[in-house]
Amino acid sequence: MNRVTKRTWLMGLFIFILLGGLVLFLWDYARNGDDWVSFTGSPHLYNNTNIGAGTVTDRSATMLLDIGEKRTYASDTTTRKSTLHWLGDRKGFISASAVSHYAAEMSGFDLVNGIYDTSGTGGTATLTLSARVQNAALNAMAGRKGTIGVYNYKTGEILCAVTTPTYDPDNVPDIGENPGGEYEGIYLNRFLQSTYIPGSIFKVVTTSAALECVPDILDKTFTCYGKVEYGEESVTCETAHGKVTLKTALAKSCNCAFAQIAELVGKQNMVKYVERFQVTEPLAFDGVTTARGNYDVSKTAPVSFAWSCIGQYTDQINPARYMTLMGAIAGGGQAAEPYIVSKVSVGEDVTYEAKTTKTDRLMSGETAETVKSFMRNNVQSVYGDWNFPGLNVCAKSGTSQLGGGQTSNAMFAGFVADESYPLAFIVVVENGGYGASTCVPILSKVLTECKAVMDGE
Amino acid sequence: MEDMLELFIASRDTYAADYIGFLRYAVPILAAVLLLRCVLPLLTFKREPEIWAWLNLKDGSQIPITHWENVIGRSKSSDVCINFPTVSRNHAVLTRYDDGSWTISDAGSKDGVLVNGKPVQICALKERDRISIGGVEMKLQPITEKQEIRQSQLRTKAASGWDTVANLLILTIFQCVMVLGYLLTGQKEHFSSILEGFGGIILCQWLLYIFYATIHRSSFELETIAFFLCTLGMAAIATVKPGETVKQLMAMFLGVVTFLAIGWSLRDLERAKIFRYVAVVAGVGFLLVTLVFGTEYYGAKNWLIIGGMSLQPSELTKVCFVFAGASTMDRIMTKRNLILFIVYSVLICGCLALMNDFGAALIFFCAFLVIAYLRSGSVGTVALAITALAFAGVLAFQIAPHALQRFTTWRHIWEDPLYTGYQQTRALMCIASGGLLGLGPEQGLLQYVFAADSDIAFATIAEEWGLILAVMSVLCIAVFGFFSIRTARVARSSFYSIGACTAASVLVIQTMLNCLGTVDVLPFTGVTFPFLSNGGTSMIGAWGLLAFVKASDTRQNASFAVRMQKGSEVA
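Line by line, the protein sequences give chains A and B. Taking this note's numbering, the leading residue of the first sequence gets 30, the next gets one more, and so forth. Taking this note's numbering, the leading residue of the second sequence gets 15, the next gets one more, and so forth.
Excised from the complex, chain A in its bound form (with noise of 0.2 Å):
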């Protein structure tokens, strides 16, 4: 008998595995509970692949949206139609990652109850976006398709992020149809999903580099002819620009003397810098990660190369992205890193609340500072200075050929170097031609319209 006693061990081994697993379980709940209940498609807090419940408001607390069975939308037409993309619209079709990435918080979910508390109702996301400013943004787009991003550069909230085409959920069009194809890409969020030739905004990204790395670029002057030629093909202006240095090629966009500053500067650094002031990096905040840029001279012929430090050849960028690095010139090398959700409210528990995390340092001061002058000067004596009353306006525009016959597509950078407004921005206009004459009076509304909001807080 004392044998098979002592034998009996061996059930104790199975006991402490059911008990050990067991434990490992609790501990897994423990760690990663509210990441199971916030995870797409959990059956209490999703409804397809959107949340399931909670409000939605922007940062002046206008309501944006009540996620119940119905999802109810804003009380005005254009409110919905600007808001529609950070929120998700009813089928799934727009999934709004950036609410959804709080579920947990706005479930109320904690270890000891559950998602019980709030079973159904759900909290409040307050989002950084101003229904105020978004409705001038798309009002000011006047249908045409592209994206409208304007960030504060100290804290990271996102004012103005703007993607058209839309639609009004609660009167959705014929999608399918689609005729004159108006609602190509409706479901996408262009701020974050798309990338773009820059343009000429690029150049800002050949100035920088080359103020880090050409010692004397600031003494060089560089002759324009209106085509440089690099055996049968050439770089080319429209007109030709005389004399230039660093700063007045910036202002006047010219191609001849950017294309010799590629030269200064060179490939391998040209690869460096982009990559150091994080020009095709994706950005991540608050659960969503932008699209991918590019900037590809592996195997590129010498005029390739100077066509991809104008901003042509294969380079794409993200409107996201670029509006951020916009934001680290303004911030003499640095920015806040941009976010879209300020708060999450449970009643009267706040459950996450946004800090402000800073970009790396892309880039030194000086260079920032210089850059930041060179932009004051494109406004001054280019863009007109007169467009932004009251705003300090530093900005590069640019008109991105897309080949095909297309129309060009205008963009427009930078930011307001204002200690009481320090918004940095990004305008696009899918084939809207001259990037200045296209994008200035839509900024124009849009950044009025921002102080407003501001000189309002």
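Calculated from the structure, these hints are not laboratory results. Every residue, glycine too, gets a C-beta built ideally from N, C-alpha and C. One or more hints might be untrue.
[Claimed, not checked] Simulated restraints, written as ranges between beta carbons of each label pair:
1) A/L140 / B/R500: 29 to 35 Å
2) B/G35 / A/G205: 44 to 50 Å
3) B/L54 / A/L42: 39 to 45 Å
4) B/T401 / A/L53: 24 to 30 Å
5) A/G209 / B/R26: 56 to 62 Å
6) B/A46 / A/D203: 58 to 64 Å
7) B/A404 / A/I204: 52 to 58 Å
8) A/A59 / B/R26: 33 to 39 Å
9) B/I288 / A/L140: 52 to 58 Å
10) A/I204 / B/R26: 41 to 47 Å
11) B/W220 / A/L140: 33 to 39 Å
With chain A fixed as given, assemble chain B onto it according to the hints.
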């Protein structure tokens, strides 16, 4: 009546939210109190050394005999160790029977066993018989009837009748609190089936208690725990498939009858040995019948449809297998090889392989390991068996790639949450949604996921009644295991301790595969949770296994499956 119901429905919204708030705390607290009261006596009862006889040696020294089955030999691990060169390591087995008689049998010793000078294989001992083991002379002196009565009176009492009644009352309150939750939040059309289901369990547990009381048996802890688990299972069914509550209740009734029948057959060791042969034949029979007439569901041909009832005979075979594996000490020592048992195990696993029933085969294999090790004590045998399993496993994956798929999904469920990881990811999402205290009856959403009341019932309970309660259900099964280990030392016969340990192992392993499979700690095998999962044959099988655990409970007047000791009724 109809009017009253309408009135109740109309007014219940007023109380429902408050009541659920109360119920979320009341349910785990009641369960904790109940389980503590049941578990503590099972895990802490004193295991007094009992002396059943004395061996008087020629030199006047006395060796106490502390078990009913004793190995005499030179080996240190013998129950009676006689360190004398002519004594074999395992020389003889001394066995006591229910009627107080003793026999001695030769365990294949070198020099044999002599009784009154004559060599014997097995011999009933009379008073003053001279026993000679390897030249060592001795006489057996059983304790007197008076001593025996005294001894049984000293044995730990299982529980006073009032404790048991109190436990049952707590369990009944627990069940009523749950039912009221359903009445306040559930759908009206399910009321009758929910009332029948829970009411039936309450009735069944009290009837069984009254039956015990009439035969003067007091221990009800194991049964209370089992009824507790059945109640949780009923709650899962009430949410997921309210139409099947009565069916499950019937299965539980049958389970309790099976429990009593097996317990009765185990009560007398001689009777048990006869029933063992019946069980051996029945075990294979069940499987062969399924193989021939079975129906395939979800990839495994392990269902038998008889008159609209679907049965899973492999669940009953488990009980038979435990029966087949249990063995008395003299048998273990005299017929030392396991060949017959191995052949039997291979036969059963072969049938299961043909049925494609992967989960069941795994359970049988583990049960085989337990039995093989308990009987032989040989790590070699166990190692051999595990190697054989590895080969069989490789073969199985060749033949049935869907089995392999479970392993590829294992620990990767979040990578394919909509297809292969669907059940488990939903289970985890819902477990977390429920938190420690649950969302309340019929408030869960896991009910819409396949097998919410069986394969992933653990998660359904956690979602609606809280993780605490779900964890308690697992601990309950672990307690069966601990109790079997503890009680093995005072078992009358190795037949009972092997039976109890194997049965408890099967329960533990099933729980392990079910619960840990659901939460992705182990691969998902679709095995039932004993007493808790929806499934008739599984329920009957679980009660059948519990009978073996019950039969090893030797506390005073504890178990109906242990014959009452003389004189103890007086106490």
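Evaluated hints:
1. A/L140 / B/R500: 29 to 35 Å: Since the Cβ atoms of A/L140 and B/R500 sit about 34 Å apart, the hinted range of 29 to 35 Å holds.
2. B/G35 / A/G205: 44 to 50 Å: holds, 48 Å
3. B/L54 / A/L42: 39 to 45 Å: violated, 24 Å
4. B/T401 / A/L53: 24 to 30 Å: holds, 27 Å
5. A/G209 / B/R26: 56 to 62 Å: holds, 57 Å
6. B/A46 / A/D203: 58 to 64 Å: holds, 60 Å
7. B/A404 / A/I204: 52 to 58 Å: Once the Cβ atoms are compared, 57 Å apart, the range 52 to 58 Å for A/I204 and B/A404 holds.
8. A/A59 / B/R26: 33 to 39 Å: holds, 36 Å
9. B/I288 / A/L140: 52 to 58 Å: holds, 55 Å
10. A/I204 / B/R26: 41 to 47 Å: holds, 45 Å
11. B/W220 / A/L140: 33 to 39 Å: holds, 38 Å
Comparing the model with each earlier hint shows a violation of hint 3 alone; every other hint is respected.
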